[in-house]
Amino acid sequence: MKSIFTVMNLPAFKSILLLYLFAFPVLANAHHLSGKVLVDGGKNLKNLIVYLEPADSSKLKLEPKLHKIMQKGRQFNPNIIVVSPGDKIQFLNDEDREIDHNIYSLSRLKNFDLGLGERGSILEVTLDKKGYGNFYCSVHKLMEGRMISLDTRHYAILEKPGNFILPNVPPGNWVVKVFVFHKRYKSIPINITLENSSHENVELKVVKK
Amino acid sequence: MKNFLINSLVLFFLVNCASGPAIVPGKGAVYGKISAQSHKDIIAKASKKGGGIYSKKGEVVFTKQMVNYHQLKELYVCILDSSFAGGKDHLLIAEKDKMSHRSLAIAKGDRLWVQNNSNQVLTFFLAGQEDDIQVYSPVKPGERSVITVAQEGTLELGSDENEILMTTLFSRSGLMGQKHSSGGSYSFENLDPGKYKILFWYWRLGFIEKNIVIKAGVNIELNQVLSVDKIMASKNDP
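These protein sequence lines map, in sequence, to chains F and W.
For the first sequence, my numbering begins at 1 and goes up steadily by one.
For the second sequence, my numbering begins at 1 and goes up steadily by one.
Chain F with its partners taken away, still in its complex shape:
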């Protein structure tokens, strides 16, 4: 089998893979899934989320996780967050001067109003289902973020179409999808079975609806 480096021949890609290997403890029998996202017509779509969901979601058991979003400079950081049902998001007001925020969402994913968020405050919300929605600060007009709740911990956020890698994927049957914010486009899911080796050169297609 060819090495992923020789197949893709990208120095930057090597760095990303090494970073992942150091950042994530390598699971026994786990493999990686890598490939490329291709968009219909070569459109340079922003913020694509490649993710894996188990083919049989009844086998899914995800421990709740805590996510943190900062607000310094009147902006959400990160402004795109991927969570799973049961996860908690904490909003930390880390402004370096007295700036108040009020974070809310009136989306289909979750309706919440966290009230007054003064400097130094930590406000939180728990998401309980799958879906996506926007959240805003009612005080500041450019403060806007997006939350996506998926049945998975295996995902990668791409700033633009191109290469991706999902490390530490346990063996099993998976469905690979791309979440696309641009409403004109959708992805074509692919079924993958990971057994004794990694899966490389997966081509994920994003097409017009």
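Mixed in with the good hints there might be a few duds.
Unchecked claim - Here are the simulated DSSO-like pairs of lysine-lysine, each with C-alpha atoms no more than 30 Å apart in a straight line:
#1 F:K72 with W:K230
#2 F:K72 with W:K64
#3 F:K72 with F:K186
#4 F:K141 with W:K64
#5 W:K88 with W:K64
#6 F:K141 with W:K45
Calculated from the structure, these hints are not laboratory results.
Fit chain W to the given chain F structure using the hints.
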């Protein structure tokens, strides 16, 4: 003759000085003011403290980075009338780097025109939830195209070629909408007696829905303030 003049004057004052629109026999009306304000916690803090964005008078001082609720210009008041099947025309104008409207309330069945005043061919689409989408034929600069809106809900009008060009639409069957600035007055007149829904919407906040019953010869006054907390509270109404 003198009595006639006095009676006419009295009638004139009754019709023109009474609050709300003129009463039409057999019909009713709903009218009022729509406005927007900051979250109640921000207002409460302003009332206690000066400094920062809070004035010594106990008010919020809006800076350029803030949403100035008193100056919002795209607040919509809508009435749902089941007898209205749509068919109204709306026009959005696409410039090189912006749309004429950030938001628009429309009825399912209305015709939505888009005028292309940019310098490139644009292919507009109207997207709803999931895979619901309507696509316009490509529009050359200086030309316009139309679709009949077939979807309901909060929709997004965008273009394939330029992601900046975007308008949020609020679509319901039987909807007739009016756009007002914060503090503006609205009225829906000559309504047949019956039950109606009134929706108050701002694209970044969402909407508040109120049920009303119109009676013959009666005007209803219904004022509404839009804010995050008020909209959230309305979601919890039974």
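Quiz item: Holds or violated: are the alpha carbons of K88 of chain W and K64 of chain W at most 30 Å from each other?
Solution: violated (36 Å)
Quiz prompt | Pair hint outcome, K141 of chain F versus K45 of chain W [Cα-Cα no greater than 30 Å] | solution = holds (19 Å)
Exercise. Compare the distance between the alpha carbons of K72 of chain F and K230 of chain W with 30 Å, and conclude whether the hinted pair is satisfied.
Key: Roughly 27 Å separates the two Cα atoms, so the pair holds.
Practice problem: Take a quick look at whether K141 of chain F and K64 of chain W sit within 30 Å of each other, Cα to Cα. | Solution: holds (9 Å)
Quiz item: Taking only the CA atoms, is the gap from K72 of chain F to K64 of chain W under or equal to 30 Å?
Solution: The given pair, whose Cα atoms are some 17 Å apart, holds under the 30 Å limit.
Practice problem: Mind checking the alpha carbons of K72 of chain F and K186 of chain F for me, to see if they're no more than 30 Å apart? | Solution: violated (33 Å)
The structure does not agree with the numbered hints 3, 5 stated previously, though it agrees with the rest.
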